[in-house]
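A.B. asks: Here is what each chain is made of, one letter per residue.
2 protein chains.
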Amino acid sequence: MSKFVKKNRDIPVEHYINGIKKADRVVLAQAITLVESNAKHHFEKAQQIIEALLQKKSKSIRIGITGVPGAGKSTFIDSFGTFLCEQGNRVAVLAVDPSSQVSKGSIMGDKTRMERLSRHPNAYIRPSPSGGNLGGVNRKTRETMILCEAAGYNIILVETMGVGQGEFVVRDMVDFFLLLVLTGAGDELQTMKKGIMELPDLVVVNKADGDNKEKATHAKREYNTILHYLKSYTEGWITKAVTASAKEEEGISEVWDIIHSFQEYTKKNHLFYEKRAEQQRNWLHDLLKQELYRYFYNHAEIKEQLIKTERTVISGEKSVASSALDLLNLFMEKKI
Amino acid sequence: MSKFVKKNRDIPVEHYINGIKKADRVVLAQAITLVESNAKHHFEKAQQIIEALLQKKSKSIRIGITGVPGAGKSTFIDSFGTFLCEQGNRVAVLAVDPSSQVSKGSIMGDKTRMERLSRHPNAYIRPSPSGGNLGGVNRKTRETMILCEAAGYNIILVETMGVGQGEFVVRDMVDFFLLLVLTGAGDELQTMKKGIMELPDLVVVNKADGDNKEKATHAKREYNTILHYLKSYTEGWITKAVTASAKEEEGISEVWDIIHSFQEYTKKNHLFYEKRAEQQRNWLHDLLKQELYRYFYNHAEIKEQLIKTERTVISGEKSVASSALDLLNLFMEKKI
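So the sequences go chain by chain: G and H. For reference, each letter of the first sequence is one residue, going 1 to 336 in UniProt numbering. For reference, each letter of the second sequence is one residue, going 1 to 336 in UniProt numbering.
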């Protein structure tokens, strides 16, 4: 990659902008690499490209897909994505793993995970970027979405990977959120993070095939009971549970029908665009806060002092409020 | 109050420390007023008092009490608090209302709300402080807890009031969290904030009396079903639902028995102290972040620029990341 990075210093911004507008996959990949780079001069170039490609009203739908380990996310995305491509859609698959410091999913890995989809000319698959500065994975994924949409991908599938706060991060960057589960709500819900059951717009009980079909139908009923008690994430929309089999390709078109009705409903009452505007505002503020922390917690003297401070407040030697004030004064006095 | 504020400038720190150690209610009230003051010289004095009274290992139990509007929080605390006082405990009742800018609950108001308890010599009732600087209500309540414990109150009841993030704030400052509900889980849960069902260590279906008894028993079963699916907040502890009637004083001693077993269980496996240490650490970091935001968002030039920036990122004129960077650079350049 370092070879490419050196070479692309001379490539003008217009090359990327025009290439993406013409849906050139190679140029799209190069632009995403710029977005994902942690180098300062790449950041500036990437922002120029993004600003030229920002759409006032994007025509895409952004779908987040999460699920318990083993729920068959890859197989589901392979089936679902292929189905969408065959209907004439152009589908981009992005992965988000906020816990990854180095890129875990390689392109080869993702291509093996989604064999059929990766061969489809209408599909574009991009693995999870690694962290780094200025908003990390969160920013990189959002900006990659913008580039993919500008290249004509009208359906963006964002998959959460790894452990951590991935679900909450992705929920706030998509229009529709799908939770993939398996049989047995009781056991499964115990392993999920708090509050996750209140995020999805649809719960899909996967692997409803063969011997498992009956168990899956039972799990669907259990999930519907729980969902009945919880508040829907999207105002006025009733989150339901359905069964599907990615392997036997059953229930896949029904999932799309539900997403389609959701889109119609939220566009009719303007919730769709209101939510997108809110997401933009949230993203700005998240980024501001995140970077403010980063300045603070990476400050050499703060770092050193903080270890001592934690110890004294836990042992009850010093009050929390006066300790915090001392640290903040230290930070404000110093030039960053 | 301003008269008192002027006068107490000359009262030495030792007066407060010794008075509180002697459980002098008047001095305790004066010290809490210092803690609640937003004046800088009061803050410094308050911190000196707190540091002198910090206990290495507090013997108190801190119980958070929340509930849907109309669930009968005041009546429950009146009954429960009086029961605890009659058993020889000394009970302090604090209210937390993060949404209040000015103090909403007056002392008279709280005394009327909890008539029996407010007359008991073992009880001390303090209304919610108003916001203000450096950690606001959150800090003031935590510090008031420290003062009350130093004055010999061994049970601290922290009541959440108003709307907002009160439940989450209080959950992180108490050992045990109790959710008060009414009949009909289905309707009620729809009105609760997301994730709240995963906070309590005990759910109490209140008003289980007269005609309502049967409905309350049904609601208890419903809540136990939901709780079965959700993850307990406290590791290894199974959160259950029980019925109680504050009016007929039924189920009140059972609630205390459950809290008592909880305390035994968590002290035996050290979770009790580990959680308190974690809460101290969280408090420090929350305070740091909160104040860092406050510096940033109250900066005159940032304020002005932010309104414009929000507009341009929502309309798609400028990228979020470069907008955020511009604002941060503006902040870092300026001396605060």
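It should be emphasised that the hints constitute simulated quantities derived from the structure, not laboratory data. There may be inaccurate statements among the hints.
[To be verified] Listed below are several chain H residues computed to face chain G (Cβ distance under 8 Å; list not exhaustive):
#1 GLY210
#2 ASN212
#3 TYR229
#4 LEU287
#5 GLU291
#6 GLN305
#7 LYS308
#8 THR309
#9 GLU310
#10 VAL313
#11 LYS318
#12 VAL320
#13 SER322
#14 LEU327
#15 ASN329
[As the list claims (entries may be wrong)] Under the rule of at most 27 Å between Cα atoms (straight-line distance), these lysine-lysine pairs were calculated in the DSSO-like manner:
#16 H:LYS308 <-> G:LYS275
#17 G:LYS193 <-> G:LYS240
#18 H:LYS215 <-> H:LYS193
#19 H:LYS194 <-> G:LYS240
#20 G:LYS308 <-> H:LYS56
#21 G:LYS40 <-> G:LYS59
#22 G:LYS308 <-> G:LYS21
#23 H:LYS193 <-> G:LYS194
#24 G:LYS57 <-> H:LYS194
#25 G:LYS215 <-> H:LYS213
#26 H:LYS247 <-> H:LYS56
#27 H:LYS215 <-> H:LYS247
#28 G:LYS231 <-> H:LYS193
#29 G:LYS231 <-> G:LYS268
#30 G:LYS318 <-> H:LYS308
#31 G:LYS247 <-> G:LYS231
#32 H:LYS194 <-> H:LYS268
#33 G:LYS289 <-> G:LYS268
#34 G:LYS193 <-> H:LYS215
#35 H:LYS193 <-> H:LYS318
#36 G:LYS275 <-> H:LYS267
#37 H:LYS289 <-> H:LYS308
#38 H:LYS56 <-> G:LYS194
#39 H:LYS267 <-> G:LYS289
#40 H:LYS21 <-> G:LYS193
Model, not experiment: these values are computed from the prediction. Virtual Cβ for every residue (Gly too), placed ideally from N, Cα, C.
A.B. asks: Hint by hint, say whether it matches the structure.
C.D. replies: These are the hints, each one checked on the structure:
1. The closest approach between the C-beta of GLY210 of chain H and any C-beta of chain G is roughly 26 Å, which is over the 8 Å cut-off, so the hint fails.
2. For ASN212 of chain H, the interface hint is violated, since its Cβ never comes within 8 Å of a Cβ in chain G; the closest pair sits about 20 Å apart.
3. A cut of 8 Å between beta carbons decides the hint on TYR229 of chain H: the least distance to chain G is about 5 Å, and the hint holds.
4. A least Cβ separation of about 4 Å between LEU287 of chain H and chain G falls short of the 8 Å threshold, and the interface hint therefore holds.
5. This hint holds: GLU291 of chain H has a C-beta 5 Å from the nearest C-beta of chain G, less than the 8 Å allowed.
6. Of the supplied interface hints, the one on GLN305 of chain H is violated, with its beta-carbon coming no nearer than about 11 Å to a beta-carbon of chain G, more than 8 Å.
7. Because the beta carbon of LYS308 of chain H sits about 12 Å from the nearest beta carbon in chain G, more than 8 Å, this interface hint is broken.
8. Interface restraint check: THR309 of chain H against chain G, minimum CB-CB distance 7 Å, threshold 8 Å, status holds.
9. Look at GLU310 of chain H: its Cβ gets to within about 6 Å of chain G, closer than 8 Å, so that hint holds up.
10. Hint on VAL313 of chain H holds. Least Cβ distance to chain G is approximately 5 Å, under the 8 Å limit.
11. Annotation: LYS318 of chain H was flagged as interfacial toward chain G, and the flag holds, the nearest CB pair being 6 Å apart, inside 8 Å.
12. Checking VAL320 of chain H against chain G by beta carbon gives a least distance of about 5 Å; that is within 8 Å, so the hint holds.
13. Evaluation of the SER322 of chain H hint against chain G yields a held restraint, the C-beta minimum of about 4 Å falling below 8 Å.
14. Contact between LEU327 of chain H and chain G, as hinted, is supported at the beta carbon level, the nearest pair being about 6 Å apart and thus within 8 Å.
15. The beta carbon of ASN329 of chain H is not positioned within 8 Å of any beta carbon in chain G (closest approach about 10 Å), and the interface hint is therefore violated.
16. Only pairs whose Cα atoms come within 27 Å are accepted, and LYS308 of chain H paired with LYS275 of chain G is accepted, the gap being roughly 20 Å.
17. Restraint check for LYS193 of chain G and LYS240 of chain G: satisfied, since their Cα atoms lie roughly 19 Å apart, inside the 27 Å limit.
18. Taken as a hint, the LYS215 of chain H and LYS193 of chain H pair is honoured in the structure, with Cα atoms around 23 Å apart against an allowance of 27 Å.
19. Simply put, LYS194 of chain H and LYS240 of chain G have alpha-carbon atoms about 17 Å apart, close enough for the 27 Å limit, and the pair holds.
20. In summary, the hint linking LYS308 of chain G to LYS56 of chain H is supported, as the alpha carbons are separated by about 17 Å, within the 27 Å threshold.
21. The suggested pairing of LYS40 of chain G with LYS59 of chain G is violated, with an alpha-carbon distance near 31 Å, which exceeds 27 Å.
22. At roughly 54 Å between alpha-carbon atoms, LYS308 of chain G and LYS21 of chain G are farther apart than 27 Å, so this suggested pair is violated.
23. Distance restraint check for LYS193 of chain H and LYS194 of chain G: the Cα-Cα separation of roughly 13 Å lies within the 27 Å cut-off, and the hinted pair is therefore satisfied.
24. Distance check on the hinted pair: LYS57 of chain G and LYS194 of chain H sit about 30 Å apart at the alpha-carbon level, beyond 27 Å; violated.
25. For a cut-off of 27 Å, the pair hint linking LYS215 of chain G to LYS213 of chain H is broken: about 36 Å separates their Cα positions.
26. Distance check on the hinted pair: LYS247 of chain H and LYS56 of chain H sit about 39 Å apart at the alpha-carbon level, beyond 27 Å; violated.
27. Taken as a hint, the LYS215 of chain H and LYS247 of chain H pair is honoured in the structure, with Cα atoms around 16 Å apart against an allowance of 27 Å.
28. The hinted pair formed by LYS231 of chain G and LYS193 of chain H meets the criterion: a straight-line CA distance of about 8 Å does not exceed 27 Å.
29. Taking the CA atoms of LYS231 of chain G and LYS268 of chain G, the gap is about 22 Å. The hint holds against a cut of 27 Å.
30. As the CA atoms of LYS318 of chain G and LYS308 of chain H are separated by approximately 42 Å, the hinted pair breaks the 27 Å bound.
31. With a CA separation close to 31 Å, the supplied pair LYS247 of chain G and LYS231 of chain G exceeds the 27 Å bound.
32. A hinted pair counts as satisfied when its Cα atoms are at most 27 Å apart, and LYS194 of chain H with LYS268 of chain H does not qualify at roughly 32 Å.
33. Between LYS289 of chain G and LYS268 of chain G the CA atoms are separated by roughly 34 Å; this puts the pair beyond 27 Å, and the hint is violated.
34. Proximity of LYS193 of chain G to LYS215 of chain H is assessed by CA-CA distance (about 31 Å); at most 27 Å being required, the pair is judged violated.
35. For the hint pairing LYS193 of chain H with LYS318 of chain H, the CA-to-CA distance comes to about 34 Å; that exceeds 27 Å, so the pair is violated.
36. Proximity of LYS275 of chain G to LYS267 of chain H is assessed by CA-CA distance (about 46 Å); at most 27 Å being required, the pair is judged violated.
37. Distance hint between LYS289 of chain H and LYS308 of chain H is fulfilled; the C-alpha atoms sit about 24 Å from each other, no more than 27 Å.
38. With a C-alpha separation of about 32 Å, the suggested pairing of LYS56 of chain H with LYS194 of chain G is violated against the 27 Å cut-off.
39. Distance check on the hinted pair: LYS267 of chain H and LYS289 of chain G sit about 37 Å apart at the alpha-carbon level, beyond 27 Å; violated.
40. At most 27 Å may separate the alpha-carbon atoms for a hinted pair to count; LYS21 of chain H and LYS193 of chain G exceed this at roughly 43 Å.
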